[in-house]
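Given chain Y, work out where chain F should sit, using these hints.
For reference, the chains in residue letters:
There are 2 protein chains.
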Amino acid sequence: MNFIRKIIDTRIKNDESFFVELKKIIGFTPKNLSFYKKAFIHRSVKELDKETGYPINYERLEFLGDAMLSAIIASYLFNEVPSGDEGYLTQMRSKIVSREHLNELGRDLGLLRFVKSNVASSKFGENIHGNIFEALVGAIYSDRGYNYCKKFIYKRVIDPYVDVLKLEGKITSYKSIFIEWCQKTKKDFNFDVYEDTGNDTVKHFSVKLYLDKKIIAKGRATSKKKAEEIAAKRAYYAFQDEISTF
Amino acid sequence: MNFIRKIIDTRIKNDESFFVELKKIIGFTPKNLSFYKKAFIHRSVKELDKETGYPINYERLEFLGDAMLSAIIASYLFNEVPSGDEGYLTQMRSKIVSREHLNELGRDLGLLRFVKSNVASSKFGENIHGNIFEALVGAIYSDRGYNYCKKFIYKRVIDPYVDVLKLEGKITSYKSIFIEWCQKTKKDFNFDVYEDTGNDTVKHFSVKLYLDKKIIAKGRATSKKKAEEIAAKRAYYAFQDEISTF
Chain Y
1 MNFIRKIIDT RIKNDESFFV ELKKIIGFTP KNLSFYKKAF IHRSVKELDK
51 ETGYPINYER LEFLGDAMLS AIIASYLFNE VPSGDEGYLT QMRSKIVSRE
101 HLNELGRDLG LLRFVKSNVA SSKFGENIHG NIFEALVGAI YSDRGYNYCK
151 KFIYKRVIDP YVDVLKLEGK ITSYKSIFIE WCQKTKKDFN FDVYEDTGND
201 TVKHFSVKLY LDKKIIAKGR ATSKKKAEEI AAKRAYYAFQ DEISTF
Chain F
1 MNFIRKIIDT RIKNDESFFV ELKKIIGFTP KNLSFYKKAF IHRSVKELDK
51 ETGYPINYER LEFLGDAMLS AIIASYLFNE VPSGDEGYLT QMRSKIVSRE
101 HLNELGRDLG LLRFVKSNVA SSKFGENIHG NIFEALVGAI YSDRGYNYCK
151 KFIYKRVIDP YVDVLKLEGK ITSYKSIFIE WCQKTKKDFN FDVYEDTGND
201 TVKHFSVKLY LDKKIIAKGR ATSKKKAEEI AAKRAYYAFQ DEISTF
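Which chain is which? The protein sequence lines are Y and F, in order. Here the first sequence stands for residues 1 to 246, where the numbers follow full-length UniProt numbering. Here the second sequence stands for residues 1 to 246, where the numbers follow full-length UniProt numbering.
Hint data in this document are derived by calculation from the structure and do not stem from the laboratory. Where hints are given, some of them may not hold.
The list makes no distinction among identical chains, and a pair is therefore deemed to hold if it is satisfied within one copy or across any two copies.
As the list claims (entries may be wrong) - Each computed DMTMM-like pair below joins lysine to aspartate or glutamate, with the alpha-carbon atoms no more than 25 Å apart:
1. Lys226 / Asp15
2. Lys226 / Glu80
3. Lys116 / Glu86
4. Lys150 / Glu86
5. Lys155 / Asp143
6. Lys37 / Asp85
7. Lys166 / Glu59
8. Lys186 / Asp143
9. Lys123 / Glu47
10. Lys170 / Asp49
11. Lys123 / Asp85
12. Lys226 / Glu47
13. Lys123 / Glu86
14. Lys187 / Glu168
15. Lys116 / Asp85
16. Lys170 / Glu51
17. Lys46 / Asp212
18. Lys50 / Glu168
19. Lys50 / Glu80
20. Lys46 / Glu86
21. Lys50 / Glu86
22. Lys37 / Asp188
23. Lys95 / Glu59
24. Lys37 / Glu80
25. Lys23 / Asp192
26. Lys166 / Asp143
27. Lys24 / Glu195
28. Lys150 / Glu80
Next comes chain Y alone, as it looks inside the complex:
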């Protein structure tokens, strides 16, 4: 009996910690954990659904999540880029949902740590990160519907990483624009970068951006470069009138 209780206790504890971690990642309360668990089951587990007998793994959720991601990005671009025709919008969407970008998103969120698998994670290949990210989107849609799915994609994809000016090639780096502006207008600046992993499993960096000894923007991300770029972008928008006309 004690043995069984121990198993059940461990299971509940595992569920609890999964719930807590997941909530941090998605930004709201998951209702039905079973959808999310499926999003992290690799096909090598060969688990079958008790009711239907069909295999359970993340691949079907990946199909669903991919479709939702495409639709939500399409709707974002439709509204944000009124000058673009349908060919241009399609092109921009491809850049945002590129395999490379999705892998980066999944990797930065440290999704791999949740994956249940019977093969070594070194055998997964690079695309696992993006695939799991899409499966997570599918799980959110199944659990909470379209609007929460949209919320998640804004929080994790659009707000931190999608920039219309960059996508259009009008700006390649906010950091270099900011530095150029400081140099031309003889302003003193400093990117103060430090490791700040906090509660995250994946290593994070924070940046404080100083202009004439005053903090004007902050940034936090999984690499120094990304954190600096986020802070520089915030500074760019804070001083947009001055920077864009210098």
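Only chain F this time, still in chain Y's reference frame:
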């Protein structure tokens, strides 16, 4: 003054009739007509947005509608075909949203009659029907959001035309199954087909399906064949226990 009033009156009247027709097609009340008007403007009109100066035509809405249609069909298949892996679901979706099928949907709804264009409609090519259908989906999303978009796609695509058994190749025609069953079990049947265009602009047919002199199902569509198939499908599901075991 009278001349100007006449123009305004005609415009309001046109808007009114567009509103009424549109409501019939989409199945609910449109809120902002301007989205729907855009869905029917051909690029040859060369209209520019007064505020932004960008061209107005249906092509951007088509991009948005295409994405929403794909997502909604993906979610439908995800739930309805639990046995299918992601490759299979992708394949089934391609069949449903094929150019040919979308053209048929647009043609059956008579969407072409709303199109504003500076070229003759004979020059449009066959794909205009499907393109406008997708643009209409995009307009619905812009006007009323995801759930209404889903409602429309269920009403006009999934409920009447999407059949998992047919897509899986398990059934090719409900009519022939029904007839075979009647013949083997010595039942008397009759497909009573008649023209029934009603208030629609496009020609429609209705079918009453009799079994042993009693009406057991009805169907209505833009061709005799489609109407018969709809009635036979309804009869199939009404007598499923008997038909599937005979």
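To see whether the hints hold, each was checked on the structure:
no., hint, verdict
1, Lys226 / Asp15, "neither (32 Å within a copy, 51 Å between copies)"
2, Lys226 / Glu80, "within (23 Å within a copy, 42 Å between copies)"
3, Lys116 / Glu86, "between (40 Å within a copy, 19 Å between copies)"
4, Lys150 / Glu86, "both (21 Å within a copy, 22 Å between copies)"
5, Lys155 / Asp143, "both (17 Å within a copy, 24 Å between copies)"
6, Lys37 / Asp85, "between (40 Å within a copy, 18 Å between copies)"
7, Lys166 / Glu59, "between (32 Å within a copy, 24 Å between copies)"
8, Lys186 / Asp143, "neither (53 Å within a copy, 49 Å between copies)"
9, Lys123 / Glu47, "within (19 Å within a copy, 55 Å between copies)"
10, Lys170 / Asp49, "between (50 Å within a copy, 23 Å between copies)"
11, Lys123 / Asp85, "between (41 Å within a copy, 22 Å between copies)"
12, Lys226 / Glu47, "neither (38 Å within a copy, 42 Å between copies)"
13, Lys123 / Glu86, "between (39 Å within a copy, 21 Å between copies)"
14, Lys187 / Glu168, "neither (29 Å within a copy, 68 Å between copies)"
15, Lys116 / Asp85, "between (43 Å within a copy, 19 Å between copies)"
16, Lys170 / Glu51, "between (54 Å within a copy, 23 Å between copies)"
17, Lys46 / Asp212, "neither (60 Å within a copy, 51 Å between copies)"
18, Lys50 / Glu168, "between (49 Å within a copy, 24 Å between copies)"
19, Lys50 / Glu80, "between (45 Å within a copy, 17 Å between copies)"
20, Lys46 / Glu86, "between (42 Å within a copy, 16 Å between copies)"
21, Lys50 / Glu86, "between (45 Å within a copy, 20 Å between copies)"
22, Lys37 / Asp188, "neither (50 Å within a copy, 53 Å between copies)"
23, Lys95 / Glu59, "both (22 Å within a copy, 20 Å between copies)"
24, Lys37 / Glu80, "between (34 Å within a copy, 20 Å between copies)"
25, Lys23 / Asp192, "neither (30 Å within a copy, 59 Å between copies)"
26, Lys166 / Asp143, "neither (33 Å within a copy, 29 Å between copies)"
27, Lys24 / Glu195, "within (20 Å within a copy, 60 Å between copies)"
28, Lys150 / Glu80, "both (15 Å within a copy, 23 Å between copies)"
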